[in-house]
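Position chain B against the provided structure of chain A, taking the given hints into account.
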Amino acid sequence: MMEFKSNKGIFQQIADSICERILLGELAPEDKVQSVRQLASQLGVNQNTIMRTFLELQHSNIVENRRGIGYFVTKDAPDTIREMRKEEFTKDILPGFLQQVKLLRITKTELEPLFNQLKENEDENK
Amino acid sequence: MITINNLSFAYKKQKPLFNELSLNERTGQIIGLLGKNGAGKTTLLQLISGLLTPKSGQIDINGLNPINHAPVLLEQIYFVPEEFIMPSVKMHSYVNGYASFYPRFDKALFNELIKQFELDENKNLSKMSHGQKKKFRIAFALASKCQLIVLDEPTNGLDIPSKAIFRQMVAGALEDDQTVIISTHQVKDVETLIDKILLIDNGQIIFDESIINLSERYNFKIVSHLPEHTLYSELNPMGYKVLTPSDGETSEVDIELLFNAINDGVKFNNEKPNHE
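Residue numbers (our numbering), protein chains in the order written: chain A, 1 to 126; chain B, 127 to 402.
Since the hints were made in silico from the structure, they are not lab data.
Worth double-checking, as some hints may not be accurate.
DSS-like, lysine-lysine: derived pairs with alpha carbons at most 27 Å apart [unchecked claim]: (1) A:LYS8 <-> B:LYS367; (2) B:LYS314 <-> A:LYS8; (3) B:LYS347 <-> A:LYS102.
In isolation and in its complexed conformation, chain A is listed as follows:
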């Protein structure tokens, strides 16, 4: 599990953590997400904020509302999240990373062993 301290709005932070659980496989497509009340009471966050989280996730097609039963993870949620996160990665994370590399004068040779680990990723995608 990656650790992060986010400065985003609370509803956004909760949405991010649900997405994280979907990517990690803790929540699979077709799974029911905890109810608004359960999440509110678990996190100590107001129910309207959690509602907002679900509306946001629903808008991005990550969860769907089955009336009267609750919110469920959509079939395509993992792919959808990956697409969204990739954009975020290039826009928000990569520039900071590259700046650090520059500041610390890290060379390509030093980075290579780290990038080699990514080969596993490529094998998985095949």
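Just chain B, lined up with the frame of chain A:
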């Protein structure tokens, strides 16, 4: 629904505390009432709860004036003061007696809440510590299921683990038709819990905004250099804590920084920035 129109109030031989204060709050929110010492937070809560009589103006709670003390309204308001004295009775006898004033009182919920707060039902209320008494009153308030729950500095005196439990309880126990007003100086204790901020100063509501709007319209962050459009900043070990208009991302609201910015005279417009 809470409606206040042109409320004025003064304590005897003192200058007016409220002067034509007006307010309109819909049902189903958790409202954070903030203000400096002596701004009148407690007085406003007492007026809303029918414990004080306004000099002029109207207060209307779900269509009724609290000062008439109509039982149908009183059974829907529960007020937890900041300081109070408890009678020398065991908790369970107090609950057996007073719960009957509140038709929606949920005994199962009450039992669950005192379990979470680690309180003992067989203990004499007057022999409990201040923090324990407070936890008891908070548990009673939530179990009452009243439509209006008023909490004056609820986290004062609570130990550190109880503050998180408090947030979980309030967030989890509320129904759609319940409204909670929390007055506090301990903004960190309620930051994730409240829907909106009401700020009183000089006898007026000077700020009234939902947390979601604030988190969409402004950025609260720590930076090493002051950005161009800084509305307000404070020194911080890492550089500056700054308040700026939103850059399109949502931001976690730092209520302390917001409060200081308002006090410093920063004007907040209610327009949504255009960057959709």
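Tested hints:
1. A:LYS8 <-> B:LYS367: holds, 15 Å
2. B:LYS314 <-> A:LYS8: At roughly 16 Å apart (the allowed maximum being 27 Å), LYS8 (chain A) and LYS314 (chain B) satisfy the hint.
3. B:LYS347 <-> A:LYS102: holds, 24 Å
No hint from the list above goes unmet by this structure.
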